[in-house]
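Peer 1: Here are the chains, one letter per residue:
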Amino acid sequence: MKTEIIPFPKAEAELRSAFWDQVSSFPEGHKIKLCLQCGTCSGTCPVSYAMDITPRQIVALFRAGHLEDILNSRAIWLCASCYSCTVRCPAGIRVTDTMYALKRLAIGNEIYPKRFLVHTLSKTFTNNVYRFGRNYELGLGIKYFLSADIKKLFSNIGYGITMIRRGRLGIIPHRLKRINQIRAIIKKANQFGES
Amino acid sequence: MREYAYYPGCSLESTAAPYDKSIKAVFKTLGVGLHEIEDWNCCGATMYMSVKKIVGYSISARNLAIAQNMGMQICAPCSSCYTILRKTNRHIAWDPKERAKINEALNAAGLSYDTLVDVRHPLDILVNDIGLDTIASKAVHSLKGIKVAPYYGCQIVRPHGLFDDVDDPIKMDQLLSRLGAEPVHYPCKVRCCGGMLMTTKEDVALALNLKLLEAAVDNSADMIATACPLCQMNLEAYQKKINKRFDRNFNLPVVYFSHLLGAALGIDLKEMGIGQLFIKPEKLYDVVKEVRV
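Protein chains in written order, with the numbering used here: chain A, 1 to 195; chain B, 1001 to 1293.
For the record, the hints were derived by calculation from the structure and aren't laboratory data.
Possibly wrong hints are sitting among the right ones.
Listed below are the simulated BS3-like cross-link pairs for lysine-lysine, each with C-alpha atoms no more than 25 Å apart in a straight line [unchecked claim]: (1) B:K1101 with A:K151; (2) B:K1201 with A:K123; (3) B:K1240 with A:K152; (4) B:K1101 with A:K31; (5) B:K1283 with A:K143; (6) B:K1241 with A:K152; (7) A:K114 with A:K152; (8) B:K1138 with A:K187; (9) B:K1101 with A:K187; (10) A:K151 with B:K1241; (11) B:K1201 with A:K114; (12) B:K1101 with A:K188; (13) A:K152 with A:K123; (14) A:K188 with B:K1097; (15) A:K31 with B:K1144; (16) A:K151 with A:K114; (17) A:K151 with B:K1283; (18) B:K1283 with B:K1240; (19) A:K151 with B:K1201; (20) B:K1201 with A:K152; (21) A:K177 with B:K1201; (22) A:K152 with B:K1244; (23) B:K1101 with A:K123; (24) B:K1240 with B:K1270; (25) A:K33 with B:K1097; (26) A:K152 with B:K1211; (27) B:K1144 with B:K1270.
Each pair of labels, with its calculated beta carbon distance range [as the list claims (entries may be wrong)]: (28) B:D1218 with A:G39: 24 to 32 Å; (29) B:F1246 with A:I161: 18 to 26 Å; (30) B:F1163 with A:P27: 18 to 26 Å; (31) A:A91 with B:D1165: 20 to 28 Å; (32) A:G43 with B:R1245: 38 to 46 Å; (33) A:I164 with B:D1165: 35 to 43 Å; (34) A:I142 with B:E1036: 22 to 30 Å; (35) B:K1144 with A:P27: 30 to 38 Å; (36) B:L1162 with A:K33: 41 to 49 Å; (37) A:P7 with B:G1161: 37 to 45 Å; (38) A:K187 with B:H1185: 46 to 54 Å.
Glycine included, every Cβ here is placed at the ideal spot set by N, Cα and C.
Input sequences plus hints: build the corresponding full structure.
Peer 2: Put into structure tokens, the structure is as follows:
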């Protein structure tokens, strides 16, 4: 009997190619191929209970040709980088780093879950680093809540004021003396492609 | 005299100011030099890794390049900075092509990074370089009577577990018990606090922190000791919100491990920014009243 190989739709194929570029750009990224679907990652993940698809399912969906669905999921944006999965995976897969790779793929291709704008925090953050060289926490918080969740802005005002009064939240951002160095580094490194 | 290049990181300038103050005061009292990396920049945190990896590593490497010229190891108290700076080194050592790209980006700013600089967490430096004997010999107060939940969080032990075990780290326990405190059994010592999820997905983060507080209270802790700015902020500043959401009445102080060490060394609590915390650690005020003979 002849087995017919059905090619991936074009969009999926392009995403998959970009995904392989991403995972080959960090140490041991290729080990994702060794996943044995044991579910240790999902079991050890402190936030998997709140994910729409679990880390184990992410690999299964990828193998089944549903990378776009993965990028549309909230799961990758719930990963808090605790590295529990990374230290426990019996196949030695760098699960946390793979989550970062998926986040970069999502941002690079502008594929996000509906009504869940966590990625805007990352973008606001990187803009702040370009402007000031350091994180500007007050500005980051306000800008993020304005764009993603305006109700949260109001519910966090009291908290922000207490932090300011305790001297734990600066009002004026600190700008590096040699901010031009940071900007030159960012501009140059940005030329090295997506990964 | 031991000397380290100090990388405070953005949090220690703002939300974690008490951590910065206490680490500086402790190192000074122990006669260990901390020299701030001049004009240091953000390490990129977990955020840059989500947008563009090579840019994130390149800006992180600027700090390493400046420290390389100082000829000292780096002391990085923020767990996140510690992990990112270490990951930057690992990435550079992993692939010569990536190393070349990062150096090309650094060259655009007139910098280069050739000799890898070791990045250390102050807990590692205190226990392994300075040593518990030296520290104990300089203590003027005993922390006797303080039951403390030692909370390590994620990123000083994971992903690599370099100076302590990834599942059951003990260095903070050893330090605190040597100073007379009683580290309680704390099953959540390496459980995640949610980090930035407190901003992006508050419901999930509040539930995570509820577990951490419950475990500390269930094991009769008087306070939690942390080694990470984000853990401290989530556990302490959001305690009111956790109480409201889950109908509890926690009022558990959350200090940095360096506060307990500093108190034992006789450093003024105010100098260590204890007054900037939301919940006053009463027990710490009690121990500094009594002078050990």
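Peer 1: Are the Cα positions of K1101 of chain B and K187 of chain A separated by 25 Å at most?
Peer 2: 12 Å, holds
Peer 1: Are the Cα atoms of K188 of chain A and K1097 of chain B separated by 25 Å or less?
Peer 2: 15 Å, holds
Peer 1: Do I164 of chain A and D1165 of chain B keep their Cβ atoms within the hinted range of 35 to 43 Å?
Peer 2: Once the Cβ atoms are compared, 39 Å apart, the range 35 to 43 Å for D1165 of chain B and I164 of chain A holds.
Peer 1: Does K114 of chain A lie within 25 Å of K1201 of chain B when you go C-alpha to C-alpha?
Peer 2: Judged against 25 Å, a Cα distance of about 14 Å means the pair holds.
Peer 1: Could you grab the alpha-carbon distance between K1283 of chain B and K1240 of chain B and see if it respects the 25 Å cut-off?
Peer 2: 21 Å, holds
Peer 1: Does the structure keep K31 of chain A and K1144 of chain B at a Cα separation of 25 Å or less?
Peer 2: Measuring from Cα to Cα gives roughly 49 Å; hence the hint is violated.
Peer 1: For the hint 18 to 26 Å, verify it against the beta carbon of F1163 of chain B and that of P27 of chain A.
Peer 2: 20 Å, holds
Peer 1: Decide if the proposed pair is consistent with the structure: K177 of chain A and K1201 of chain B, CA atoms, cutoff 25 Å inclusive.
Peer 2: 35 Å, violated
Peer 1: Within 25 Å, alpha carbon to alpha carbon, are K1138 of chain B and K187 of chain A?
Peer 2: Violated, at roughly 49 Å.
Peer 1: Given the hint of 18 to 26 Å, check if F1246 of chain B and I161 of chain A actually sit that far apart at their C-beta atoms.
Peer 2: 24 Å, holds
Peer 1: Could you check the hint for me, namely that G43 of chain A and R1245 of chain B are 38 to 46 Å apart, CB to CB?
Peer 2: Given a distance of about 26 Å, which is not inside 38 to 46 Å, the answer is violated.
Peer 1: Given the proposed pairing of K151 of chain A with K1241 of chain B, does the C-alpha separation stay at or below 25 Å?
Peer 2: Judged against 25 Å, a Cα distance of about 15 Å means the pair holds.
Consistency with the previously given hints fails for numbers 1, 5, 8, 15, 17, 21, 32, 35, 36, ordered from lowest to highest.
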